[in-house]
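What follows is the residue order along each chain.
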Amino acid sequence: MRSNNEKPTCGKIFLNTLALSSFTIGGGYVMIPLLRERFVVKLGWIDENELTELTAIGQSSPGAMILNVSVLLGYRLLGFRGAVSALIGTALPAIVLLAATFYFYDLIRDNRYVSAAFRGMNAGVAAVIADMVIGMAAPYIKKEQALHAFIMVGAFAAAFFLKFNVALVIVSCGFVGVIIGAVHDRRKKA
Amino acid sequence: MIYIKLILSFLLIGVCAFGGGYAVLPLISQQCVETNHWLTMTEFSDLLTLSQITPGPIAINSASFVGMKVAGIPGAFVASFAFMLPPFLIVSLLYVVYRRYGQVKPVQDALGGLKPGVVGLIAVAGLGVVIDTVWGGGAVTLASADVFSAVLILAVLFVLRKWKPGVIVTILACGAIGVLRELIAPLLR
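Protein sequences appear in the order of chains A and B.
Numbering-wise (my numbering), the first sequence opens with residue 1 and increments by one.
Numbering-wise (my numbering), the second sequence opens with residue 1001 and increments by one.
The shape of chain A in the complex, shown without the other chains:
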């Protein structure tokens, strides 16, 4: 599918993030599969592994995760200009559409069809995120990846059951990664 030889420009980064960000209802995590679909599969501007690395870095920084990931992606594609284009593209729908709904709030809040549509879309978002998690988790379900699978399950349990702060969980995951790497090296040498 990576036949696209289009080069990234500020305008394209802005328009693509703007379009994707307009569909990130239900929290924003759905932006990750959207970015993957557009930038990895369709445009071929970045590979899957790199996007996952940027997601990890974005997750461990303060602020809204999807803004961070968009900014990092912008930097990766076109430096500072790309980062600013991605930031504005990602933020604009959130600001403008909220300002718009602000005026129609009373109309919207009590409308059965609007809430039915959003309930349906939320179901779609839930399925899309589940689909992505299955795809991302699969490579870790192997014997040689047991320790990393443990990190995955541990991070889930710490955030879901124990309600630990997400930033704390992510920093711990990084530490465990470094320790696993160091122990692995020592075993190799021995």
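No lab work stands behind these hints, which were simulated from the structure alone.
Yeah, the Cβ is synthetic: ideal placement off N, Cα and C, and Gly gets one too.
Treat the hints with caution; some may be incorrect.
So the derived list for chain A, only partly shown, Cβ under 8 Å to chain B, looks like this [unchecked claim]: (1) 98; (2) 152; (3) 177.
Here the structure of chain A is known, so what remains is to put chain B in place on it, guided by the hints.
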């Protein structure tokens, strides 16, 4: 000056917003409801409803809502950009570090640990959306589950795994199914 107050408050929220999403809400409520009295508690819960039906991160939605309420549309932009500035600077710094040291062994090891961790955290977020959709924020019991939504999620997941339709098309189709259900429901009763 109201703008300066807005900027200072949301810069502070941006700096402290570690963990993103719902982790930011207590901070926003403290700044906007308790400290500055920009919102009442009722308005704060309205804000949560609104951010559910508007795209984008909840923190940006909140900043826009508060800015809008206090100083109109310019306020919405000022508060949102104030919130985004500190994370933008920190992320820029991290990117420089990543570019320079990204291939160094300990950094690769750390990223190797972060990546499965992120998968776990995305699973938590996804499960949050599932619970919100099937139980609508109420108590999570078998009896109070919205069976239609639960079946819809599973059916869509099956379709996604099997035929890999586009993400946006999928979400829009689900919205249409939701409306259709609301239209048909009275006829079945």
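Each hint, compared with the structure:
Nearest Cβ of chain B to the Cβ of residue 98 of chain A: about 4 Å, under the 8 Å cut. The hint holds. Interface restraint check for residue 152 of chain A: the shortest CB-CB distance to chain B comes to about 4 Å, inside 8 Å, so the restraint holds. Interface hint status for residue 177 of chain A: upheld, as the beta-carbon distance to the closest one in chain B is roughly 2 Å, under 8 Å.
Hint compliance for this structure: every hint is met.
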